[in-house]
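Protein chains: 2
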Amino acid sequence: MSSVDAFEEFVNTLKVEGAKRYHTNHPFHKLMIEGKLTPGQIRAWVINRFYYQRILPMKDAAIISNCPFIEVRRVWIKRIINHDGENGGLEKWLRLGEAVGLTREDLFAGNVLPGVKLACDAYLEFCKNSSWLEGVASSLTTLVAPDAHRDRLEYMKRYYPWIKPEGFEYFQWRLIEGPEDSRMALNILRDYIKTDEDRERCLKALIFKTTVLWNILDALYMEYIVRGRKDYE
Amino acid sequence: MSSVDAFEEFVNTLKVEGAKRYHTNHPFHKLMIEGKLTPGQIRAWVINRFYYQRILPMKDAAIISNCPFIEVRRVWIKRIINHDGENGGLEKWLRLGEAVGLTREDLFAGNVLPGVKLACDAYLEFCKNSSWLEGVASSLTTLVAPDAHRDRLEYMKRYYPWIKPEGFEYFQWRLIEGPEDSRMALNILRDYIKTDEDRERCLKALIFKTTVLWNILDALYMEYIVRGRKDYE
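Chains as they are written, first to last, in our numbering: chain U, 1 to 233; chain Z, 1 to 233.
Some clues are possibly wrong.
Which copy? The list can't say, so a pair holds if one copy fits it or any two copies do.
Under the rule of at most 25 Å between Cα atoms (straight-line distance), these lysine-lysine pairs were calculated in the PhoX-like manner [to be verified]: (1) LYS128 / LYS204; (2) LYS230 / LYS30; (3) LYS128 / LYS78; (4) LYS230 / LYS157; (5) LYS157 / LYS36; (6) LYS128 / LYS157; (7) LYS15 / LYS78; (8) LYS36 / LYS164; (9) LYS204 / LYS15; (10) LYS36 / LYS204; (11) LYS117 / LYS128; (12) LYS204 / LYS157; (13) LYS117 / LYS204; (14) LYS194 / LYS164; (15) LYS157 / LYS15; (16) LYS157 / LYS30; (17) LYS15 / LYS30.
Hints are computed from structural coordinates only; laboratory data are not their basis.
Excised from the complex, chain U in its bound form:
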């Protein structure tokens, strides 16, 4: 088997193992796309997930801080700018917040569930303490994310007509930017993965990342569905 085939097979493994554990399978996501969440539950999701969004530029900087290769750093810095830039991911998520009736202050106040904070902080620590290559691999939930964004776009528009349309800009942007991000990360893995052990660690990094996303929804489900908290109704 040629090394091109071997890499394609590895990418396929990442997709299969990622999709299997991706948070689109989570009961909270299912309730969301079935139109069964209350406005307060949607707001709780937006506010808690913003904590994750805020971690993203920091974890990308952690990856750069571990990377001795200028050609990788020059590419990866775009990820920080994509989130922190003037019309970047954080700004777009803040607009989603406003579209569901929250203020920017609500989102920045960081009043998030302890389980959400724990999961997101663990992701940042993972990127600080693992190799930069594992950090890059952990970003590859982008391989399976477009379906989730497409679902959110379609079903949130259909079932939650009270959400102002400008709120959906984030998901539209991710539909375009996500595949671009995947290509960037895969090009790097293709060049820098040398051994079976590298491949194994990269796969584990991606699986770890799916756990982060899954745990965020666990905390939300437990508090806002099972325990019925209503602070954003």
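Take the given structure of chain U and dock chain Z to it, following the hints.
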């Protein structure tokens, strides 16, 4: 005393304590600006100091990875680009390397003294493991650096005419960029230092950084002056 005065006084303390320990006082630097280094000793300095240059964008990324404030990250990311960009600090230092008769491969091979590696790696670890505010403060050797760059420009041109003039572009650039970097860092400290303890830790961070730069020259002096190593003659 107003808080403006207090901040000015703090900046003055940083300058005084920084200048006192700055590596322009080091015997290796003195030999350099007195024209007493051999071509091999100049080359050894260029190649070893390149390891420090390569650490800079990584330590700036480490500062961003620790910083939860988007407005600080948006400013500080320029530091990474200043070094890693197409015509950035690393590229300019590589040209200095060529101007003293080294190849780019020589510089990237990273064949540096263990003491230099230890000091530079310690700086990166410091920025990873300290608060982002201390990381920012540690950059403020830029407050006293312009004199060093001016000296290098003047005396290296005078005493080492064998160095090709395009090699001096790095120092010319730092003369302009350094004061800009200082302003950036001081504006951040002004906004985010809240307590005497913050001030104390920021001063200690700057003093730590002077030790990093000093240690680099210790290792060079011991190996290339005292022990008389001649691998780059």
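Against the structure, the hints come out as follows:
no., hint, verdict
1, LYS128 / LYS204, "both (16 Å within a copy, 24 Å between copies)"
2, LYS230 / LYS30, "within (20 Å within a copy, 69 Å between copies)"
3, LYS128 / LYS78, "both (18 Å within a copy, 21 Å between copies)"
4, LYS230 / LYS157, "within (23 Å within a copy, 72 Å between copies)"
5, LYS157 / LYS36, "within (13 Å within a copy, 74 Å between copies)"
6, LYS128 / LYS157, "neither (37 Å within a copy, 43 Å between copies)"
7, LYS15 / LYS78, "within (23 Å within a copy, 35 Å between copies)"
8, LYS36 / LYS164, "within (18 Å within a copy, 72 Å between copies)"
9, LYS204 / LYS15, "within (13 Å within a copy, 48 Å between copies)"
10, LYS36 / LYS204, "neither (33 Å within a copy, 55 Å between copies)"
11, LYS117 / LYS128, "both (16 Å within a copy, 20 Å between copies)"
12, LYS204 / LYS157, "neither (35 Å within a copy, 54 Å between copies)"
13, LYS117 / LYS204, "within (22 Å within a copy, 31 Å between copies)"
14, LYS194 / LYS164, "neither (48 Å within a copy, 40 Å between copies)"
15, LYS157 / LYS15, "neither (27 Å within a copy, 58 Å between copies)"
16, LYS157 / LYS30, "within (15 Å within a copy, 70 Å between copies)"
17, LYS15 / LYS30, "within (20 Å within a copy, 59 Å between copies)"
Checked against the numbered hints given earlier, this structure breaks hints 6, 10, 12, 14, 15; the rest are met.
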